[in-house]
Amino acid sequence: MTIDLRASTDFEVLRAAKVLAKINEAALEAQVDYLVVGATARSLISIDLLGTSPQRRTDDIDIAAEVDSWDDYDSLVSTLKRQDGSAHKFLVDGTEVDVVPYGGVEQADRTITWPDDHVMNVLGFREAVESAQTVLLPDGVSVKVPSIPALVLLKLLAWQDRHYKDTRDALDLGPMIEWYSDSSGRYFERIYDIDAHVPEEFEYDPPPAGAWLLGKLIPSLLDDEGIAELLRLLDNAELMGKLARDMGGARPEVLVRALSQGVRDAIDEASHSQPR
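According to the numbering used here, the sequence shown is numbered sequentially starting from 444.
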């Protein structure tokens with residue numbers, strides 16, 4: 444799927460085009476592929492779907508770079524201005540860009556260890572590549588962003604890692620989940636698709652029905668270990684309660700429950716379809 448924002452005059456789109464043009468140059472020189480993730484990816488998708496970015500704007504741009512080694516990472520960022528001695532924050536045209544590597548630098552537990560021994564979970568980046576969407580930006584700039592299910596997965600995992608510090612990942616999740624039930628968006632009609640088999644309790648309630656449909660698409664992105672990691676989060680009632688509180692908005696507990704049920708229903712269906 445291609446998202447065409449070439450004619451957009453939205454500030455976030457124009458800023459992304461300007462900054463990511465320079466990231467594209469660095470990535471081409473280093474022969475490294477990357478995804479735009481985080482709140483910038485959220486904003487680009489929202490502008491495409493609804494014509495506007497979410498209420499919470501972002502001041503930085505996050506990218507996930509697929510590298511074979513730390514040398515490849517160093518090559519990618521060698522022309523970027525490092526910010527405040529940070530290992531992964533750079534300043535590009537006045538905008539902070541966070542560059543997180545994954546791939547060959549990952550350990551068996553899907554984490555990376557920075558030179559300062561800081562450990563970061565990168566589960567979800569590799570999984571997001573296959574279903575990534577191309578975004579066409581002004582001035583001929585082209586980038587990749589995760590699909591909506593992959594972006595929701597990444598936001599869930601990011602919230603799990605950072606919920607004790609702030610609520611921004613949860614605040615992003617609420618509007619993203621609602622994309623599947625917004626009557627002005629392109630996913631709304633899927634709720635009433637006869638093949639969707641939306642549970643009866645959600646059948647005439649678009650917000651949780653959309654959350655359930657979205658949840659059903661997430662497990663297919665993951666291998667068995669990734670699914671186990673996701674279920675550990677969803678099975679933690681205390682954390683799921685905090686996620687709903689952090690999300691805010693209308694009926695967050697219902698949306699979190701529906702999303703979780705969609706994930707579990709997809710896993711159950713996959714296990715029953717496997718040959719015995």
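FYI, nobody ran anything at the bench for these hints, they're computed from the structure. Do not take every clue at face value.
Below, a list of computed lysine to any residue pairs in the SDA-like style, where the Cα atoms sit at most 25 Å apart [what the hints assert, rightly or not]:
1. Lys608 / Pro649
2. Lys608 / Gln526
3. Lys685 / Ala713
4. Lys461 / Ser585
5. Lys465 / Gln550
6. Lys685 / Met563
7. Lys587 / Leu523
8. Lys587 / Lys685
9. Lys587 / Asn564
10. Lys465 / Ser521
11. Lys685 / Leu579
12. Lys532 / Gln550
13. Lys524 / Leu534
14. Lys587 / Pro649
15. Lys461 / Ser529
16. Lys685 / Glu621
17. Lys524 / Leu614
18. Lys465 / Glu509
19. Lys461 / Gln526
20. Lys532 / His606
Estimated spans, in silico, between C-beta atoms of each pair [as the list claims (entries may be wrong)]:
21. Asp609 / Thr556: 22 to 28 Å
22. Leu492 / Leu676: 25 to 31 Å
23. Asp527 / Glu696: 37 to 43 Å
24. Pro642 / Glu472: 35 to 41 Å
Model, not experiment: these values are computed from the prediction. Note that beta-carbon positions come from the ideal geometry of N, C-alpha and C, so glycine has one too.
Practice problem: Take a quick look at whether Lys587 and Asn564 sit within 25 Å of each other, Cα to Cα. | Solution: holds, 21 Å
* **Lys461 paired with Ser529 [C-alpha distance capped at 25 Å]** => holds, 22 Å
Exercise. Taking only the CA atoms, is the gap from Lys587 to Lys685 under or equal to 25 Å?
Worked result: Measuring from Cα to Cα gives roughly 31 Å; hence the hint is violated.
Legend entry - Pair hint outcome, Lys685 versus Ala713 [Cα-Cα no greater than 25 Å]: Judged against 25 Å, a Cα distance of about 29 Å means the pair is violated.
* Would you check the hint for Lys532 and Gln550, treating anything up to 25 Å between C-alpha atoms as holding? => Holds, at about 22 Å.
Leu492 and Leu676, beta-carbon distance inside 25 to 31 Å? holds, 26 Å
- request: Quickly compare the C-alpha distance for Lys465 and Gln550 to 25 Å and report which way the hint goes.
  value: Roughly 29 Å separates the two Cα atoms, so the pair is violated.
request  = Sort out whether Leu534 lies within 25 Å of Lys524, counting only the CA atoms.
outcome  = Distance of about 5 Å is within 25 Å: holds.
Starting from Lys461, check that the Cα of Ser585 is at most 25 Å away, please. holds, 11 Å
Note to self: Holds or violated: Lys524 and Leu614, Cα atoms, limit 25 Å.
What the structure shows: violated, 30 Å
Given the hint of 22 to 28 Å, check if Asp609 and Thr556 actually sit that far apart at their C-beta atoms.
holds, 23 Å
Review point. Do the alpha carbons of Lys587 and Pro649 lie within 25 Å of each other, as the hint requires?
Key: Judged against 25 Å, a Cα distance of about 29 Å means the pair is violated.
In this structure, the earlier hints numbered 1, 3, 5, 8, 11, 14, 17, 24 are contradicted, and the remaining ones agree with it.
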